[in-house]
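Chemist: Chains as they are written, first to last, in the numbering used here: chain A, 1 to 534; chain B, 535 to 730; chain C, 731 to 809; chain D, 810 to 1121.
Hints should not be assumed to be uniformly reliable.
[Unchecked claim] Residues on chain C that point at chain B, a partial pick, calculated with CB under 10 Å:
1. V758
2. S760
3. K762
4. A763
5. A767
6. F770
7. H772
8. E776
9. F783
10. I795
11. I806
Hints are computed from structural coordinates only; laboratory data are not their basis. Computed from a predicted model, the values in this text were never measured in an experiment. C-beta: ideal position from N, C-alpha, C; glycine also.
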Amino acid sequence: MANNTIAEHVYVPFLEEKKGILSWLTTTDHKKIGILYLVSVSFFFLIAGTIALLMRFELLTPEADFVSPHVYNVLFTLHGSIMVFFFIVPGLAASFGNFLIPLMIGAPDVAFPKLNIGSYWLYILGTIILLFALLKPADTGWTFYTPYSANTDTDVVLMTFGVFVLGFSSILTGLNFIVTIHKMRAPGMTWHRLPLFIWASYATAILQLLATPVVGITLLLLIAERTLGVGFFDPAKGGDPVLFQNFFWFYSHPAVYIMIIPAMGVISEIIPVFARKPIFGYKAIAYSSLGIAFISFLVWAHHMFTSGISEVAATIFSFLTFLVAIPTAIKVFNWTATLYKGSIQLQSPMLYALGFIFLFTIGGLTGLFLGALAADIHLHDTYFVVAHMHYVMIGGTVMGFFGALHFWYPKWFGKMFNETVAKVAWFLIFVGFNVTFFPQFFLGVEGMPRRYATYPQEFKSLMSLSTYGSWILGVGILIMTVNLIAALFNGEKAPQNPYGSLSLEWQVPSPPPHENFHEIPHVTDWTYGYGKKS
Amino acid sequence: MDHSHGHQMDPGEAYSTSKLGMWLFLGTEIMLFGGLFAAYAIFRSKYPEMFLEQHRELNREMGAINTCILIFSSMTMAIGVTAIQRGKQKLTSIMLLITILCGFAFAGVKYVEYGAKFSHHIYPDTSIFFSLYFMLTGLHMLHVFIGIAILSTMLVLTMKGKFNQKYSTPVELGGLYWHLVDLIWIYLFPLLYLIG
Amino acid sequence: MLMILTAITVSVSYVDVGIFNIIVAMSVASVKATLVALFFMHLKFEDRITWAFAIFPLVLLFLLIGMTILDTFTRIFPV
Amino acid sequence: MTWIPEAASNLAGKVDGVLWLITLMSAVFFVLITVLLVYFSIKYRRRSDDDETPYITGSEPLEIIWTVIPSILLIVIFIYAYVVYKDMRTPPKDAVDINVLGKQWVWEFNYYNGKKTLNELYLKQNAPVRMVMRADDVIHSFFVPQFRVKQDLLPGRYTQLWFTPIKVGTFDLFCAEYCGTGHSKMRAKVIVLSPEAYDIWENGAQAGEGSAVAGLTPVELGEKLYKEKGCNACHSLDGTVVVGPSFKGIIGRSEEFTDGSSHTADENYIRQSILEPQSQVVKGFPPVMPSFKGILSDDDISALIAYMKTLN
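The shape of chain A in the complex, shown without the other chains:
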């Protein structure tokens, strides 16, 4: 590192610091690791998205005329597993988290750079295991419920082991971020001056750290059940299949927040910049992230109201579920209030942010139906749940992910993308998404169960409509992808701060130099000092 001191005042973008594939795979630069994650998760997003299009195509008609029911079952298992474990859990957290956390807090890198690339290797190891699992892909659904997952003759062991490895990648990333945020903040960067994305990442990291090991041991027990004959979940041996669900959701409900909280953080960054207003209710948004994280450990059984858990437990969990709605509602109100008397510029990142608020509000409100005991009995395991979770996951997380992509793209890659094309793509995605998933609420209320390869005739018109919508959505995402990739090659050079943000990452060149800051900045104000102080 000695030559660094010599090169101190020569600006070299981090992208050009070292070349060659090997240097990428062995890098400890958080920005490059962020790109590795970004490319990997985007790849898996497109794969799983394509699988989703195949599924929707099969569902165009009531009968299984495109693929057989077994293939359909494999498809939705792969779609769910890849989307959840390979895209959306590491998605925003690991890619943008890696890129932004050190830059935003004024640090040269994360606390443990070697551990950071190690996490990525684990992620790759997980994907390799998945590839082998594809030889005889599981047909259990991404939830791996026992006893089905213990009995099916597909390769559940490899698949769950892959997820287990990914879990450790996620844990180590979370660990790294927590320590980074605690120990690496620049002088003057107090907790209450931190960008809200940092608060969100911190809450997410705690969930990653402490919820993931539980799913790890759960999947390990499932593997032991299949290989050693251990019977914790096998009623024939005195075990309890519902216990698997308890353990599984102890992780997988917090996992929902691992997915959505970083997106909330992104929205909290984008809106003030494009409204030129300080974020409304900073502390409420910051602490509500932590609040959501904590309560989310205690709501897991709302996935299980019809599973045969006790009524007492169901009642308690329903109540706690309603509690988690409160901090979420607070955030939505605060974002909306930030717009008041702003100077609002509807560029593509802002469009995604507004799209997020609109769609996530629908996703959140429909969650109330599923948290309410009597209503959930009717709606559980129907398309209503499918629609709800896609409104939260696509309408929320993916919108946040796309918003982040467009917002930080100039900073990360030093290029500007075509704004008009980006807006067209946004419009198609927004419309296509709603056409795909809004009808599914009605399907669910009418009683269409999920995970059905074939379905009764009466659901045909809405199911077909949903399939048509998926085509629009697919085209929108395709245009967006092409637009962003094309910009890498022929985009204009991005200025240092095209959107006029006050956050630290915009105060360094685009793309940032390898060491981020020539001198560690001294922070004197919070991140959201927009507008005229009176």
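Chain A is fixed; fit chains B, C and D onto it per the hints.
Modeler: Just chains B, C and D now, kept in the frame of chain A:
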């Protein structure tokens, strides 16, 4: 360890940073065992007779011996850490060696125990109790082996003189890990051997 | 100092052989664990953040155990 | 009302009440947020790069308001949904039991009179029924949209749900918990008959086609097993204590166990006592009962329980 690129973190800060990271990792480990502890709690309350009946199959003396071995090794580990902080490399090496040997002794006792179980045709699928026994002790054994591997590396590095009173972080982190392994055994022993 | 503590914990572990009482056994184990954490692991000398991250997983662990137990043993099947 | 399916059970109207309440509250919030988003985006659009914006960082009264009001509304929803749920989970005393068995990928219904049907569930209009359900292999779920009821079927354990069909007609019964290749074909018809038509069906010719012992109702089979498998050696029918507790009035009796706990003797307890007699021994009795695992089939146990119910 190059913690940062242009800007070297000051050693004290780097030390506390690494330790915080280790503690977070220990939290993860606790939750990893947590699932098994939860399963234990549930099945024990569900089938108290089975647990009472079958825990008698376990060799309490061997369990007790292993508890002593691990607590003793925890002590030597702690002495080793204190020694390196005072720059006594030789003492540290000896203490690390003893700790590692204790780890192997523990594994040896466990090997004999497992062998005895198998010869009585007791396997992980024999009953819920033995499922728990094998899963808990098996996962713990895995941690013992990882611990031995870490401490062996530390031993080699100490003998090469990599550590001194100014820089001893890896030894301390390895020590923390080893203590956690001990800590978990402290619970496993009564849960499995004593109160069944 | 550490020797004495070890002696105590070891002897306690001998004494409680034969006591078939979950509360006694678990409290003894907890005392031992606390001693190991406080002195061997130097938790006594750590800052508040470390304490928080040492204790929070235990809280979650109790919640996990508590809530699953609550579910398992309040399942009623009305006749 | 077209977006909610026909309300064909007594519970459906109550569930719809919850659905409507949440829908209305959600609609208010959704419209509020959407209108504000659009209105702000237009009214406060950027007119020039030198736009001045005020420095507003929050408003405590406003934030308290939008914390407290949603909280109150949420609690209202929670309580309302809980009250209906409690109703859905509490079968009336006069509900008639139907044993439901789910297996890959067939529904099997065993009626009180020994009839058994596959993939067709016959119900009597306005007569409350309780489904006593278990699964053979993996988890299934009993779901009839028009009745607004759903409950998973588990292997190794009974679960239950109840309702009163109020409309004559044919409805779809779906398996709502993913159960493998045939999951989406695991559908049955629920045929609700008028009381007169039901009586005709009940006394019809197609009786007892596959009861464990042909021609016997579960109660008759239970009585036979009681004598043949040796239950009568220890358990009396008239309340006298022989070796074990008497079967007279056993279902629903509150039992105190040797470990000090107590529990109502229900189907699951009986099942467990037969398969794992030592797991819960009633206070004052020796733990001597042998396990009947592998001796009595699940159908046999169900029949024994049906028989025990007649002894109350």
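Chemist: State for each hint whether it applies.
Modeler: Checked hints:
no. : hint : result
1   : V758 : holds (7 Å)
2   : S760 : holds (8 Å)
3   : K762 : holds (5 Å)
4   : A763 : holds (5 Å)
5   : A767 : holds (7 Å)
6   : F770 : holds (4 Å)
7   : H772 : holds (8 Å)
8   : E776 : holds (8 Å)
9   : F783 : holds (5 Å)
10  : I795 : holds (5 Å)
11  : I806 : violated (16 Å)
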